[in-house]
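*Asks:* Sequence:
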Amino acid sequence: MIVGAALTLIISHGDLAAENGPQLRIGHYSTGTGLMGFVIDRMGTPIKLRFDGSDEILAVTAEPAPYNSITLKRDDGVSVLRIYETGRILVFSDKLSGGSADAYRDQEAEPLVVKKATKEQAETEAESLGRKLRGAGAPALTISLDAPRLSDDSAAWSAMADAIAVTGSTLEQMLTSPIAREIIAAKLRRVVIRDADQVDVKLADDALIVEVKAKEAVTGRPSSARLKSAIGDLL
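Each residue of the sequence shown is one higher than the one before, counting from 608 in this note's numbering.
Don't read these hints as lab results, they were simulated from the structure. Among the clues, some could well be false.
In silico BS3-like cross-links for lysine-lysine, where the CA-CA straight-line distance does not exceed 27 Å [said to hold, decoys possible]:
hint, residue 1, residue 2
1, Lys820, Lys680
2, Lys739, Lys809
3, Lys794, Lys809
4, Lys835, Lys680
The following label-pair restraints were derived from C-beta to C-beta distances [what the hints assert, rightly or not]:
hint, residue 1, residue 2, range
5, Ser704, Asp804, 40 to 46 Å
6, Arg738, Ser704, 37 to 43 Å
7, Arg738, Asp683, 26 to 32 Å
Model, not experiment: these values are computed from the prediction. All C-beta atoms, glycine included, are put in the ideal place defined by N, C-alpha and C.
Kindly generate the complete structure, drawing on both the sequences and the hints.
*Replies:* Now the structure itself:
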């Protein structure tokens, strides 16, 4: 399979890929100007990324690219990194001049995992987020969890709490736009984070339904980029 070969290329070639030992398969990288940095964690599948200044962990997929390189993409299909067989790493962002820049390893890093949370902590996070969003310009908005399949002591509540945090930060960012704030305030009354058998974002009357696979941390929820795009389309 092409994708399988692509993953093999990442594991077996180049400066980034040829590093030996678990501690070297996780690292922090920065652009030459220091404008952008990120942690890449290649200890398992999928590969995970977290950009500096964000708590969100991204699960990325590898696809073959020109010049014996691999492109890493978010769940919305947007390319975020390119890794060449030579070890060169290119990071893509509209914040960078020309849209991309080379990145270099500069620090060690810890594995990227979601913060552990109990059911009670997830519910508290939902209540806190609701208050924050109401204060940010959506006065009628409430946040709730729908996960009847999860036992009270299930480890999957950590993924539910992570989905709450990502959804909340996405909505909070959107509410900084006067136009988006007016639309959200007028059309949304509820946000429901629902444990399901799929990852999806949908609108049901005045409720935004974010469906997650709670037993699949990171890969089981939409990224903030996918959420923002879906919410914009739905509203």
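*Asks:* Determine which of the earlier numbered hints do not hold for this structure and return their numbers in increasing order.
*Replies:* none
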